[in-house]
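Visitor: Here the protein sequences line up with chains A and B, keeping their order. Going by the working numbering, the first residue of the first sequence is number 1, and it counts up by one from there. Going by the working numbering, the first residue of the second sequence is number 149, and it counts up by one from there.
Treat each hint with caution, since some may be false.
[To be verified] Label pairs and their in silico Cβ distance ranges:
#1 113/A to 395/B: 44 to 52 Å
#2 176/B to 123/A: 30 to 38 Å
#3 62/A to 332/B: 37 to 45 Å
#4 19/A to 378/B: 49 to 57 Å
#5 173/B to 95/A: 29 to 37 Å
#6 19/A to 221/B: 32 to 40 Å
#7 221/B to 118/A: 24 to 32 Å
#8 16/A to 169/B: 29 to 37 Å
#9 62/A to 294/B: 33 to 41 Å
#10 16/A to 414/B: 54 to 62 Å
#11 38/A to 332/B: 45 to 53 Å
#12 170/B to 20/A: 21 to 29 Å
#13 273/B to 97/A: 52 to 60 Å
#14 14/A to 307/B: 42 to 50 Å
[Unchecked claim] Non-contacting residues of chain A with respect to chain B, defined by C-beta distances greater than 12 Å in every case (computed):
#15 16
#16 22
#17 23
#18 99
#19 103
#20 106
#21 120
#22 124
#23 130
#24 132
Hints listed in this document are in silico derivations from the structure and should not be mistaken for laboratory results. Glycine included, each C-beta is placed from N, C-alpha and C at the ideal position.
Residues per chain, in single letters:
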Amino acid sequence: MKPYKEKIIEKKASFFKRLLAFGVDLFVLNFIIVSPFASVIETNSGVGYFSEISSTLMFIVVLISLLALAYFVLMEWYFNKTLGMMLLKIEASGNMSLLNTFVRHLYLIPIFPFSLLIFLDPIWLVFKGERLSEKLTKTKTIERIRVF
Amino acid sequence: MVKKQESKPGPKAWVIIAILIGLFLISSFVAGIVTLFSEESIGSGNVLIIPIHGVIMSSDAGGFFSTDVASADRIISDIQKAEEDSTVQGVIFEINSPGGSAVASEEVAFAIESMEKPKVAWIREVGASGGYWIATSTDYIVASRMSITGSVGVISSYLDFSGLLEDYNVSYERLVAGKYKDSGTPLRPLKSEERKIMQEKLDKIHGYFLDQVQDRRNLSDLDMKKISTGTIFIGSEAYHLGMIDEIGGKATAINYLESLLNTSVETKEYSHKSSILDSFGLSSEKMSYSFGKGFSSNIFKEEPLIKM
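My request is simple: use the sequences and hints to build the entire structure.
Guide: Rendered as structure tokens:
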């Protein structure tokens with residue numbers, strides 16, 4: 001009798017795993033990137049006087065977005081996965097060059113038209129099973145399953 | 149799909165920690181710099197400036213395509229704070245508003261009238277309609293000779309789309325309980341009796357507005373007749389009609405308060421703290437708003453039903 005050979009099957013990561021992983025990453029980013037700015041954001045906010053939102057606040061929002069972009073790019077470029085993805089045992093697959101990892105997270109740049117990807121990426125994911133930026137970079141987010 | 153595992157080396161804890169610490173240090177460093185150089189939101193003056201900029205609405209509510217809003221809630225909250233703040237001896241209302249919701253304008257006007265501390269209206273570019281109603285509730289009105297003011301009228305106009313719908317063979321199925329329930333719908337033409345009812349309401353509100361102006365400004369019936377047409381006046385015309393007290397700007401308003409309070413005046417403004425989520429919401433709203441401003445302003449206006 002032949003012993004079963006272990007195989008590893010790659011399949012597209014489930015939507016909920018991806019969502020959870022992203023949630024974990026946001027949680028981490030909230031601590032390491034957003035929290036140092038908490039008091040500055042509060043003192044520079046002018047809710048109500050819409051036209052007078054300080055340029056400081058705008059600068060902070062752009063900076064936080066860029067630092068978050070740096071987190072995703074560095075983690076995926078170096079490890080193919082972020083902390084959230086490690087926890088959920090999913091990873092990015094394909095040619096994970098620095099450019100590709102950057103393009104995968106263009107939605108974090110808070111400037112038009114990149115900001116449109118915040119809406120387009122999840123819609124694409126729901127209907128096509130992959131993010132638009134994944135299609136552009138020919139990369140995937142996968143999970144590996146061991147079978148015998 | 150069976151594939152040999154080809155991935156980068158397993159995560160090294162020290163690299164992950166280095167990335168996280170690096171990002172945290174950058175954030176903390178920049179936050180520290182910003183704190184050092186950011187202005188103190190609350191000054192140390194004895195006269196508070198409360199800005200009333202944009203369309204006067206009841207609250208901050210507004211979407212991606214909303215224009216600048218002067219929130220009645222926030223202005224009233226500032227007025228209440230100023231009344232309780234022992235360092236505030238007087239208030240200057242910096243008005244730059246074409247008006248807005250009739251109800252919101254009246255709410256602000258009532259709050260100002262109930263103030264015990266001296267209050268001055270400083271009209272900048274525009275202090276018209278609801279903006280002027282608010283100005284009349286102060287003790288003294290200052291405006292530039294070129295400021296636009298007046299427009300003492302009420303408006304509730306809307307577009308009638310029924311012809312357009314007809315062109316596209318779309319009909320309006322009227323299902324109402326209450327004869328006048330759908331009066332003012334843009335989906336069918338207004339009937340003459342409905343028009344009469346709507347006009348009566350507008351005339352009543354116009355009457356309240358005129359009463360307020362006449363009471364607060366002590367204007368003659370003759371002057372009121374000129375004002376009641378809803379026309380706009382520039383500052384110099386408004387001065388001759390008695391609609392404002394003095395031609396000038398911020399310095400004029402300060403001079404008035406200095407002579408009244410018999411002390412030198414320094415101004416300050418309240419900052420408005422909000423949660424981090426509010427701040428992010430507003431910032432992204434402002435960014436998106438800037439990109440679509442020209443497009444949106446004519447299409448997606450969020451306006452009160454009755455405006456002044």
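Visitor: Falls inside 33 to 41 Å, the C-beta gap from residue 62/A to residue 294/B?
Guide: 37 Å, holds
Visitor: Hey, does residue 103/A actually stay past 12 Å from chain B on C-beta?
Guide: 18 Å, holds
Visitor: State, for the Cβ atoms of residue 19/A and residue 378/B, whether the hinted interval 49 to 57 Å holds or is violated.
Guide: Once the Cβ atoms are compared, 55 Å apart, the range 49 to 57 Å for residue 378/B and residue 19/A holds.
Visitor: State, for the Cβ atoms of residue 221/B and residue 118/A, whether the hinted interval 24 to 32 Å holds or is violated.
Guide: At roughly 29 Å between Cβ atoms, residue 118/A and residue 221/B fall inside 24 to 32 Å, so the hint holds.
Visitor: For the range 32 to 40 Å, tell me whether the beta carbons of residue 19/A and residue 221/B fit it or not.
Guide: Taking Cβ atoms as reference, residue 19/A and residue 221/B lie about 36 Å apart, which means the hint holds.
Visitor: Closest CB-CB distance from residue 132/A to chain B, is it above 12 Å?
Guide: 19 Å, holds
Visitor: Take a look at whether the Cβ-Cβ distance between residue 14/A and residue 307/B falls inside 42 to 50 Å.
Guide: Holds, at about 48 Å.
Visitor: Mind verifying the non-interface call on residue 124/A? Its CB should be farther than 12 Å from each CB in chain B.
Guide: 20 Å, holds
Visitor: Is it correct that the beta-carbon of residue 106/A has no partner in chain B closer than or equal to 12 Å?
Guide: 16 Å, holds
Visitor: Measuring from beta carbon to beta carbon, are residue 176/B and residue 123/A in 30 to 38 Å?
Guide: Hint holds: Cβ distance 36 Å, inside 30 to 38 Å.
Visitor: If we take the beta carbon of residue 16/A, is the closest beta carbon in chain B still more than 12 Å away?
Guide: Holds: least Cβ distance 21 Å, greater than 12 Å.
Visitor: For residue 273/B and residue 97/A, compare the CB-CB distance with the range 52 to 60 Å and indicate the outcome.
Guide: 53 Å, holds
Violated hints: none; the structure is consistent with every hint.
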